Amino acid sequence: MKTIACLGDSNTFGFDPQSLWGERYPKDVRWPDRLAAAGFRVHNFGQNGLGVSRVAAHEVMVWQLETVGPLDAVVIMLGSNDLLMGLSAKETARAMENLVSLILEKKAAETVWLIAPPVLKPGTWVQGEAVIEESRRLAEEYRRLAEEKEIGFADAGEWGIPVAYDGVHFTGEGHRRFGEKLNNSLLFEK
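Residue numbers (the working numbering): 225 to 414.
Derived by calculation from the structure, the hints in this document are not laboratory data. All figures in this text were calculated on a predicted structure; none of them were measured in a lab. Cβ atoms here follow ideal geometry from the backbone N, Cα and C, with glycine treated the same way. There may be inaccurate statements among the hints.
What the hints assert, rightly or not - Pairs of lysine to aspartate or glutamate, DMTMM-like flavour, derived with a Cα cap of 25 Å:
no., residue 1, residue 2
1, 373, 334
2, 373, 329
3, 345, 390
4, 345, 404
Claimed, not checked - Ranges of calculated distance between the beta carbons of each label pair, as one might list FRET restraints:
no., residue 1, residue 2, range
5, 322, 292, 17 to 27 Å
6, 294, 351, 37 to 47 Å
7, 242, 346, 11 to 21 Å
With the hints as extra help, turn the sequences into a complete structure.
Take a look at the structure:
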């Protein structure tokens, strides 16, 4: 059985935007747990509000990976919060390059998969076309980074992930679809 760690924000954590107190979707809905149900051993390090631009947190993220290693793969999906806080796609990708380089340097996982988050949609958390356009650009920046670092890449923007009224968070169906598409993208046997 392959062991995977997932680094991400609230969409990896499983935040349910319909909940009153910021609860998570049930375990059988969240995409990391759907990977586990498909036959992977999964460690979910998703955190609400996490951004890749918090460079000081990179060492902590790698430490988390090392505590559960050895890992066959780490799946990283971060960047939406950085864009929502006003960073550009290029700035976000530079921060991601720092994190990916640290993971590779420390040999924290055998394989690294960088996932470009789905494009943000108009909603209560997403005001204006500029941030939506930056979220479109992020996929190309991440694709270039993945090619440069010779790591796995997938663009969740191509997967038609449904999001809630806020324009950011996955619906339950979004988690199902994301887990299915990611499972199909992972190029190694369970």
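Do the hints match the structure? See the list:
no., hint, result
1, 373 - 334, "13 Å, holds"
2, 373 - 329, "11 Å, holds"
3, 345 - 390, "8 Å, holds"
4, 345 - 404, "21 Å, holds"
5, 322 - 292: 17 to 27 Å, "22 Å, holds"
6, 294 - 351: 37 to 47 Å, "43 Å, holds"
7, 242 - 346: 11 to 21 Å, "18 Å, holds"
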